Amino acid sequence: MKFPSLEFVQHLQVALNDSERFSVVSQWSDVKVLLCFDDQRYWMKLYGGKVIDVMEYFSMANPLGWDYMIGSSVENWNALRQGARPLGHLLDTGDITVDGDLLQSNRLYEATHVMLTVIRDLKVAD
Amino acid sequence: MAHEITGRYATVENTRVYYDVCGTGIPLICLHMGWACSLQWHHFMPLMADAGFKVIAPDLPGHAKSLPVNWQPFKKMHDYAQWVWHFIETVCPDEKPVVCGSGIGGDMTLDIACNHPTGIAAGMAFESAANTGSISFLSGYTEPHTFPGFAALVDNASTSAMHYPCDEEKVIESKWQHRCTYQATCVADMDAWNDHDVRDLLHNIQCPIFMFKGEADYHIPEQAVLDTIAAIPNGLAEGGIAKGMGHLIMMEQPERLAEACVDFLRRREII
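Chains D and X supply the protein sequences, listed in that same order.
Here our numbering is used: the first residue of the first sequence is 1, the next is one more, and so on.
Here our numbering is used: the first residue of the second sequence is 127, the next is one more, and so on.
Everything labelled a hint here was simulated from the structure, so no lab data went into it.
Given the structure is predicted, the values throughout are model-derived calculations rather than measurements.
It is possible that part of the hints are untrue.
A partial selection of chain X residues facing chain D, derived with a Cβ cut-off under 10 Å [unchecked claim]:
no., residue
1, F263
2, P274
3, L279
4, D281
5, Y290
6, H345
7, G361
Simulated pairs of lysine to aspartate or glutamate, DMTMM-like, Cα-Cα distance not exceeding 25 Å [claimed, not checked]:
no., chain 1, residue 1, chain 2, residue 2
8, X, K201, D, D92
9, X, K301, D, E20
10, X, K301, D, D38
11, X, K202, X, E139
12, X, K296, D, D92
13, X, K296, X, E381
14, X, K296, D, E75
15, X, K201, X, E139
16, X, K202, D, D92
17, X, K296, D, D95
18, X, K296, D, E7
19, X, K301, D, E110
All C-beta atoms in this analysis are idealised placements derived from N, C-alpha and C, irrespective of residue type, glycine included.
All chains, please: the whole structure from these sequences, using the hints.
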């Protein structure tokens, strides 16, 4: 499994759906989240405490669109995953950006934080 | 604990304020970080009381059990520091206290040392510098409707710069210590943090200053701390980077912090 890749995002979906914390903090969610790793983009649908669908995202090709996005360069994502920079620092400096419908993303701040923590900790098997 | 912490109230700038007291001796004023309250010092206070201090930790205006002055949180660091000065005049009149603080409390400590240079015996500023500023994006989020998940932001922001691995109990306690402050005050604290700049006043300082910063605290650059120490005249300042510690220096390693403070105060003949 490569990082980033659709397979990675599918594993992320499994990990989030196994997380009791994620289930609690996203119980009343009904949003479409775009995950961006440089120009590789993935779409996730959160509903009722679960990630119910994921797919690669191509602008104009997905009629559903998205509500908020979480994005950064692959270099920054690798810095997070390798422990070179703390998550809080990447968020505070805007090196990981959350944008779009900020009312939704801010309402789901903790769910987003759990998602980022799982992205940080998810192992990539050779 | 040999020394109990007792809660009291006073009136400062016509506003009711809460503070904790522990021990007897030289007054030591402990100023908490942004978004937090006096609870932040409860591990540290008895240790300093053992060293011969009357340790006093207020809830700053608009935090926990202290009301905001004129019902508005402070947005300027100097206004905060002046309030602390009036608090000192109220609770320990005619005495020359040691003032310590962390984060915005550290900024206030430096502001007081610059603006009341003969009024305090020493200053100890943690996670602070002569010029601070980091989370600058919050100013638009004063009202609750703008950020429905603000409590989760506070939980994460307050603990993300601790030194990990860390005792999970302390992480949870730290979150609770930041849950007593209203959103508008939290945002104003960050405005004050970004507003703070006493670099042009450091030459006024006449008392010993101890600066200490946890290595894992990314809210304040190491260089800003070292530059502040270097800019305080006449060798009055010392300190540096605390290994194995983070943003919540008085919570994570209270014994080590107290030991460093007492060592500084002894060498500088304050005690």
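Hints, verified against the model:
Hint on X:F263 holds. Least Cβ distance to chain D is approximately 8 Å, under the 10 Å limit. With its C-beta approaching chain D no nearer than about 4 Å, X:P274 sits inside the 10 Å limit, and its interface hint holds. Annotation: X:L279 was flagged as interfacial toward chain D, and the flag holds, the nearest CB pair being 5 Å apart, inside 10 Å. The interface hint given for X:D281 is met, as the beta carbon of that residue sits about 8 Å from the closest beta carbon of chain D, less than 10 Å.
Using the Cβ-Cβ criterion of 10 Å, the hint placing X:Y290 at the interface with chain D is satisfied: the shortest such distance is roughly 8 Å. Given hint, X:H345 at the interface with chain D, holds; its Cβ is 8 Å from that chain's nearest Cβ, closer than 10 Å. Given the 10 Å rule on beta carbons, the hint for X:G361 is violated: about 33 Å separates it from the nearest Cβ of chain D. Proximity of X:K201 to D:D92 is assessed by CA-CA distance (about 20 Å); at most 25 Å being required, the pair is judged to hold.
For the hint pairing X:K301 with D:E20, the CA-to-CA distance comes to about 20 Å; that is within 25 Å, so the pair holds. A distance of roughly 33 Å separates the Cα atoms of X:K301 and D:D38; the hinted pair therefore is violated under the 25 Å criterion. At most 25 Å may separate the alpha-carbon atoms for a hinted pair to count; X:K202 and X:E139 meet this at roughly 16 Å. Of the pairs offered as hints, the one joining X:K296 and D:D92 holds, with about 23 Å between alpha carbons and a cut-off of 25 Å not exceeded.
Taking the CA atoms of X:K296 and X:E381, the gap is near 14 Å; set against the 25 Å cutoff, the hint holds. In summary, the hint linking X:K296 to D:E75 is not supported, as the alpha carbons are separated by about 32 Å, beyond the 25 Å threshold. Under the criterion of a C-alpha separation no larger than 25 Å, the hint pairing X:K201 with X:E139 is consistent with the structure, at around 16 Å. A hinted pair counts as satisfied when its Cα atoms are at most 25 Å apart, and X:K202 with D:D92 qualifies at roughly 21 Å.
As the CA atoms of X:K296 and D:D95 are separated by approximately 28 Å, the hinted pair breaks the 25 Å bound. Between X:K296 and D:E7, the direct Cα distance comes to roughly 37 Å. Violation of the 25 Å bound is thereby established for this hinted pair. At most 25 Å may separate the alpha-carbon atoms for a hinted pair to count; X:K301 and D:E110 meet this at roughly 13 Å.
Checked against the numbered hints given earlier, this structure breaks hints 7, 10, 14, 17 and 18; the rest are met.
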